[in-house]
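Novice: Starting from the structure of chain P, add chain G where the hints point.
Here the protein sequences line up with chains P and G, keeping their order. The numbering of the first sequence is my numbering, which starts it at 1 and goes up by one. The numbering of the second sequence is my numbering, which starts it at 1 and goes up by one.
Hint data in this document are derived by calculation from the structure and do not stem from the laboratory. A few of these clues could be false.
Straight-line C-alpha distance at most 20 angstroms; calculated SDA-like pairs for lysine to any residue [as the list claims (entries may be wrong)]: (1) G:Lys-61 - P:Ala-339; (2) G:Lys-61 - P:Leu-338; (3) G:Lys-61 - P:Ile-340; (4) P:Lys-259 - G:Gln-31; (5) P:Lys-50 - G:Glu-105; (6) P:Lys-305 - P:Ala-339; (7) P:Lys-50 - G:Lys-61; (8) G:Lys-61 - P:Ala-341.
Here are some chain G residues pointing at chain P (derived, C-beta under 7 angstroms) [what the hints assert, rightly or not]: (9) Glu-22; (10) Tyr-26; (11) Leu-29; (12) Gln-31; (13) Phe-33; (14) Gln-37; (15) Leu-66; (16) Tyr-73; (17) Gly-103; (18) Glu-106; (19) Val-107; (20) Ala-111; (21) Leu-114; (22) Glu-118.
Ideal placement from N, C-alpha and C gives every residue a C-beta, glycine not left out.
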Amino acid sequence: MTTWADAHARAAVTAAEVVADLGIGLERPVDVFSAIESLGLVLAFAPLGKASGYYLPGSEGHPAGVLINELHPRTRQRYTAAHELGHHLYGHAGETESDPESVLMRGEMERWADPEKEAEAFGAWLLMPRRLIRRGLVALGIGDVKSPYDVYALSLWLGTSYTATSRQLAVTRLIDDRHSDTWARIAPRVIKSDLAGMYVPDDLRNDVWLLDERHDREPIEARPGDRVVLMLDETPSTGYSWAQVELGSPIRVIADSFKNPWEPRVATAASTAAGETDGSAHSRCFVLEVAADAQGGLQKIAWEKRRGWITGAPVAEFALSVRVNPSLHGVQLAERELAIA
Amino acid sequence: MSDPRGLGNKDDAGSLARRLREQRAYLNLTQQFVAEQAGIPRSAISDIERGARRVDSLELKRLAQLYRMPVDYFLGIDGEDLDSADPTVHALARAATEMGPEGKEEVLRFATFLRNYERRNAPK
Numbered sequence: 001m002t003t004w005a006d007a008h009a010r011a012a013v014t015a016a017e018v019v020a021d022l023g024i025g026l027e028r029p030v031d032v033f034s035a036i037e038s039l040g041l042v043l044a045f046a047p048l049g050k051a052s053g054y055y056l057p058g059s060e061g062h063p064a065g066v067l068i069n070e071l072h073p074r075t076r077q078r079y080t081a082a083h084e085l086g087h088h089l090y091g092h093a094g095e096t097e098s099d100p101e102s103v104l105m106r107g108e109m110e111r112w113a114d115p116e117k118e119a120e121a122f123g124a125w126l127l128m129p130r131r132l133i134r135r136g137l138v139a140l141g142i143g144d145v146k147s148p149y150d151v152y153a154l155s156l157w158l159g160t161s162y163t164a165t166s167r168q169l170a171v172t173r174l175i176d177d178r179h180s181d182t183w184a185r186i187a188p189r190v191i192k193s194d195l196a197g198m199y200v201p202d203d204l205r206n207d208v209w210l211l212d213e214r215h216d217r218e219p220i221e222a223r224p225g226d227r228v229v230l231m232l233d234e235t236p237s238t239g240y241s242w243a244q245v246e247l248g249s250p251i252r253v254i255a256d257s258f259k260n261p262w263e264p265r266v267a268t269a270a271s272t273a274a275g276e277t278d279g280s281a282h283s284r285c286f287v288l289e290v291a292a293d294a295q296g297g298l299q300k301i302a303w304e305k306r307r308g309w310i311t312g313a314p315v316a317e318f319a320l321s322v323r324v325n326p327s328l329h330g331v332q333l334a335e336r337e338l339a340i341a
Numbered sequence: 001m002s003d004p005r006g007l008g009n010k011d012d013a014g015s016l017a018r019r020l021r022e023q024r025a026y027l028n029l030t031q032q033f034v035a036e037q038a039g040i041p042r043s044a045i046s047d048i049e050r051g052a053r054r055v056d057s058l059e060l061k062r063l064a065q066l067y068r069m070p071v072d073y074f075l076g077i078d079g080e081d082l083d084s085a086d087p088t089v090h091a092l093a094r095a096a097t098e099m100g101p102e103g104k105e106e107v108l109r110f111a112t113f114l115r116n117y118e119r120r121n122a123p124k
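Same shape as in the complex, but just chain P (with noise of 0.2 angstroms):
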């Protein structure tokens, strides 16, 4: 019988080689659906029932094939399509699977068999290897992950998931065991609710992202119908305030704290930098939407701090883009590679 830590322990080599053979650079999430394609498989997208995904192994003359259910959100489907490339480069039959992300969360994780335990290790190793989820946290300002909502925020800038996330964390031993179990537990909508509030989003599948002046131009990936709670320093008594400038069409402003005041119930660390005491920075925050219309593209979204009274150039500036992933239907293959003629 195949152990986790034998499984991690060979999966850790086995995406290094992958990451190397393919130079991918680990300065942002790992590309697994242009890994598959590079190896050769082709990538399909079908609505998949309650399944995940299936791998169909190749035969003479023809490729191998990873079919994702197009239903499920990005981050599930990568997950899924890089343990569907394990099983691809440990030579496994082709199988059905069950539902890897409810056993991660439950902790029944032994009852697994040999290739699924080997093929969700490699998955996890592919996409968060040490050295990515360093550079994540780096980004992320993150030191030490010190809560679930540094988890969180990890796996949305991985395009991991929430459970998958705090798992490989321990496996790294960036963060311990019992850490790790006990976080995996929590439901992620228990964590949106706490930072989005009564503005959490309608479906609970989609993501809350928190974001401040750190993330100025670094572009998120978020899905129709994600929210982002976005904090700015901003102190009244200055008379300087934030005013919106620019707005892509399919992001709207959803709640206004100079409105209605309105914080996270989370403490970010702009919030405990600045002390929270009386006449320091303040955050303005505002909570928007990615309409659940929202094509495919880079929308850009923009703010200006300046005294209202005063034209010329703004004491600060911030912008977002969100980048809405479109969804994805079929065979992934480009026209000419499907040529006859």
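Specialist: Then chain G, alone, in the frame of chain P:
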């Protein structure tokens, strides 16, 4: 004119049009590309997919070849004709007992596509 394969039947013609339309969408191909590859005018592809024009058997053969599916797939009733198309696909369908009906049809469709697809160029 007699039509032993039932292409002239109105319901079958509607099903055929739908399957051709769906398979083109499944492969993310434009009508223009399909027209060029199959040697059929683009306006005819559009009419065929709307069920406004009949497909002759030679055209259907060329479209099936481009779409990497057996001709029977486009002529068949929903989901009944893929199980026996290929022994591997048949085995896969039996193995996948836990799949819902929707999942099973999609896995069979993808497996059939892969069995009929050969890479012309080595991947990068």
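Novice: Could you run down the list of hints and mark each one as holding or not?
Specialist: Okay, the hints, checked on the actual structure:
A threshold of 20 angstroms between alpha carbons decides the hint, and for Lys-61 of chain G with Ala-339 of chain P the separation of about 15 angstroms falls inside it, so the pair holds. At roughly 16 angstroms between alpha-carbon atoms, Lys-61 of chain G and Leu-338 of chain P fall within 20 angstroms of each other, so this suggested pair holds. For the hint linking Lys-61 of chain G to Ile-340 of chain P, the alpha-carbon distance of about 13 angstroms falls within 20 angstroms, and the restraint holds. Proximity of Lys-259 of chain P to Gln-31 of chain G is assessed by CA-CA distance (about 51 angstroms); at most 20 angstroms being required, the pair is judged violated.
Note on Lys-50 of chain P and Glu-105 of chain G: the hinted pairing holds, with a Cα-Cα distance of about 14 angstroms set against a maximum of 20 angstroms. For a cut-off of 20 angstroms, the pair hint linking Lys-305 of chain P to Ala-339 of chain P is broken: about 54 angstroms separates their Cα positions. Distance hint between Lys-50 of chain P and Lys-61 of chain G is unfulfilled; the C-alpha atoms sit about 35 angstroms from each other, more than 20 angstroms. Restraint check for Lys-61 of chain G and Ala-341 of chain P: satisfied, since their Cα atoms lie roughly 14 angstroms apart, inside the 20 angstroms limit.
Violation of the interface hint for Glu-22 of chain G is found here, the shortest Cβ-Cβ separation to chain P being roughly 9 angstroms, above the 7 angstroms cut-off. A hinted interface residue such as Tyr-26 of chain G counts as satisfied when its beta carbon comes closer than 7 angstroms to some beta carbon of chain P; here the least separation is about 4 angstroms, so the hint holds. Interface restraint check for Leu-29 of chain G: the shortest CB-CB distance to chain P comes to about 6 angstroms, inside 7 angstroms, so the restraint holds. Because the beta carbon of Gln-31 of chain G sits about 12 angstroms from the nearest beta carbon in chain P, more than 7 angstroms, this interface hint is broken.
Residue-level restraint check for Phe-33 of chain G holds (minimum Cβ-Cβ distance to chain P is 5 angstroms; threshold 7 angstroms). Interface restraint check: Gln-37 of chain G against chain P, minimum CB-CB distance 5 angstroms, threshold 7 angstroms, status holds. For Leu-66 of chain G, the shortest C-beta to C-beta distance to chain P is roughly 5 angstroms, which falls under 7 angstroms, so the interface hint holds. Because the beta carbon of Tyr-73 of chain G sits about 15 angstroms from the nearest beta carbon in chain P, more than 7 angstroms, this interface hint is broken.
Contact between Gly-103 of chain G and chain P, as hinted, is supported at the beta carbon level, the nearest pair being about 4 angstroms apart and thus within 7 angstroms. Because the beta carbon of Glu-106 of chain G sits about 4 angstroms from the nearest beta carbon in chain P, less than 7 angstroms, this interface hint is met. The beta carbon of Val-107 of chain G is positioned within 7 angstroms of a beta carbon in chain P (closest approach about 6 angstroms), and the interface hint is therefore held. Given hint, Ala-111 of chain G at the interface with chain P, holds; its Cβ is 6 angstroms from that chain's nearest Cβ, closer than 7 angstroms.
The closest approach between the C-beta of Leu-114 of chain G and any C-beta of chain P is roughly 5 angstroms, which is under the 7 angstroms cut-off, so the hint is satisfied. Hint status for Glu-118 of chain G: holds, given a least beta-carbon distance of 5 angstroms to chain P, under 7 angstroms.
Violated hints, in rising order: 4, 6, 7, 9, 12 and 16; the structure is consistent with all others.
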